[in-house]
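Place chain B on chain A using the hints.
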Amino acid sequence: MSPKRIVLRFGTDISVKPIVYRLVKDYDLVVNIVKADVNPQKEGAMILEVTGDQSEDGLNYLRNLGVSVQNLTQEIVRNDEKCVMCGACTGVCPTGALYMERPSMEVRFDGDQCVFCQLCVKVCPMWAMEVRL
Amino acid sequence: MSVEKTYAEINTKIKAGKAIVVTAEELITLVEEKGLTKAAQEVDVVTTGTFAPMCSSGAFLSFGHTKPRMKMQKVWLNGVAAYTGIAAVDAYIGATEMHEDDPLNSNYPGEFRYGGGHVIADLVARKPVKLKALAYGTDCYPRRNLETTITLDDINEAILFNPRNAYQNYNCAVNLTNRTIYTYMGMIKPHMGNANYSTAGQLSPLLKDPHFKTIGVGTKIFLGGGIGYVAWNGTQHFPSMIDVEGKELGSAGGTLAVTGDLKQMNPRWLVGTSYLGYGATLSVGIGIPIPILNEEIARYAAKKDEELFAPVVDYGEAYPSFTPGNLGYVSYADLKSGKITVNGKEISTAPLSSMPRAREIAATLKGWIQKGEFQLTEPVKTLPSPADGFTAHSIKED
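Line by line, the protein sequences are chains A and B.
Here the first sequence is numbered in this note's numbering, starting from 1 and rising by one per residue.
Here the second sequence is numbered in this note's numbering, starting from 1 and rising by one per residue.
Possibly wrong hints are sitting among the right ones.
PhoX-like mimics (lysine-lysine), calculated; alpha carbons at most 20 Å apart, straight line [what the hints assert, rightly or not]:
1) Lys71(B) - Lys130(B)
2) Lys67(B) - Lys132(B)
3) Lys122(A) - Lys15(B)
4) Lys371(B) - Lys220(B)
5) Lys15(B) - Lys371(B)
6) Lys82(A) - Lys127(B)
Just a sample of chain A residues kept apart from chain B, beta carbon distances all over 10 Å, derived [unchecked claim]:
7) Val24
8) Asp28
9) Asp37
10) Asp53
11) Ser55
12) Thr90
13) Met100
14) Arg102
15) Ser104
16) Glu106
17) Val131
Everything labelled a hint here was simulated from the structure, so no lab data went into it.
Computed from a predicted model, the values in this text were never measured in an experiment.
Glycine included, each C-beta is placed from N, C-alpha and C at the ideal position.
One chain only, chain A, in its complex shape:
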């Protein structure tokens, strides 16, 4: 069974609730937190990979709590025509998805490591990192 990649967005009331624990405990889901931005008193967001027979039930539980649940259909891609292989992105990429190959000093992009933080989209001086829907 392939994992479902989903984006959760929720209000301040949910930030303090152990929703991931519930997905694991009550719906027997394997949950991989790809990215999380959860702070007390703030709206939050998470990108999850969930696997399990009861995944739809688990997501309905979240929806009933008022969590916005969307499939992750976007991905970050590199426009090879625009990339000049400077390496500016490699200093800000939090997961090493963008990295320098040595000694060639060519910039490589491993999409599997990308957590969709979009920092590279903002800092690339050539606008070579793009969000694909």
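Same frame as chain A, now just chain B:
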């Protein structure tokens, strides 16, 4: 036996297709294998290369006259203002000028998506560019406004003239403050979370001729994919040798003013560039041939990343406040390894200058010379060298 060659001798060999040309990185290997004396005897020309954002770039454009005639007073190209206080239909488009409607840093950090550098890149890519001009009207130049579309081929002249390019060496930027900063050295995380640098190191032109023995006014170069020339020293040209406790750590401070016909350049080597929270500029590809006239020139041209150093500078507090000093020096070998240690802390490094592109430039220039298409020019005037001791002034305020 020491070697002495002249420009004429080297050019004779180039014309005959017999010149021995190597890139600066290949020279390093050759010197390691055969020793400096033998390498200097064998090699005629060493090629260098750099591809990086280079502020202080721009182009003179002469549009041709309108009917009726117009003495342009204000000019915009794709919404980016160009300076036209030169002549009736001449303008200078500067790389860092922003689009009139750009929000700049009002929504910090601003994106700076389109500026003068992007206009130059669009022109050289043969894209149509909107020209808007206003004038006050004179008896000989009555027309008061113009809106049309131009291309690089439509206009009479387009001369890239970059007053300060090819910085010899540059700071490695870190941030000692507790907030993320957005600079012309990229995004720098707090508490020395990362370090950015912007030099090709052992391939970089002016690091390989620190005393300006061969690079001078009139030197023919690879510029933006075509042919260019060194026009003068660059602005802020304050060459010096880095000396730390009697040990020479390479050179710093030299710059070049370069020029060439934009029409024969290539969009691969002139790329519009944006720095989040800072502004827009132009990335320029430059390659300079260094004739191996003697062993001393070869010795400097063979300097490797381990022998070339950059100062580490705090862009959070010291740089903006113009506080002198630095946090020490790091070698380009360390910078390119991906990790440096500053104040006892290990920091990840990232370049802003493309090594693959720098290598491509050095290899391209090497090919041109090997084929006899590109001969060397002897400078008609030498540039100030570290021995001249020029230093920078800051603005005096009333």
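To see whether the hints hold, each was checked on the structure:
Distance hint between Lys71(B) and Lys130(B) is fulfilled; the C-alpha atoms sit about 18 Å from each other, no more than 20 Å. This hinted pair checks out: Lys67(B) and Lys132(B) have alpha carbons roughly 15 Å apart, not beyond 20 Å. At most 20 Å may separate the alpha-carbon atoms for a hinted pair to count; Lys122(A) and Lys15(B) exceed this at roughly 48 Å. Simply put, Lys371(B) and Lys220(B) have alpha-carbon atoms about 16 Å apart, close enough for the 20 Å limit, and the pair holds.
Between Lys15(B) and Lys371(B) the CA atoms are separated by roughly 8 Å; this keeps the pair inside 20 Å, and the hint holds. Among the hinted pairs, Lys82(A) with Lys127(B) is consistent with the structure: their alpha-carbon atoms are about 16 Å apart, no more than 20 Å. With a cut of 10 Å on Cβ distances, Val24(A) stays outside the contact zone with chain B, its closest approach being about 33 Å. Here Asp28(A) stays apart from chain B, with its beta-carbon at least about 39 Å from theirs, past the 10 Å limit.
In this structure Asp37(A) is separated from chain B by more than 10 Å, as the shortest Cβ-Cβ distance comes to about 16 Å. Taking the minimum C-beta to C-beta distance to chain B, about 42 Å, the non-interface status of Asp53(A) holds against the 10 Å cut. Chain B leaves Ser55(A) outside its interface by the beta-carbon criterion, the shortest separation being 36 Å against a cut-off of 10 Å. Listed as outside the interface, Thr90(A) is inconsistent with that label: its C-beta sits roughly 5 Å from the nearest C-beta of chain B, within the 10 Å cut-off.
Its closest Cβ contact with chain B, about 6 Å, brings Met100(A) to no more than 10 Å, contrary to its assignment away from the interface. Its beta-carbon lying about 7 Å from the closest one in chain B, Arg102(A) breaks the requirement of being farther than 10 Å from that chain. The claim that Ser104(A) is not at the interface with chain B is violated, since a C-beta of that chain comes within 10 Å of its own (minimum 7 Å). With 10 Å as the threshold on Cβ separation, the claim that Glu106(A) sits away from chain B is violated: the shortest Cβ distance comes to roughly 5 Å.
The Cβ of Val131(A) sits about 14 Å from the closest Cβ of chain B, beyond the 10 Å cut-off, so the non-interface label holds.
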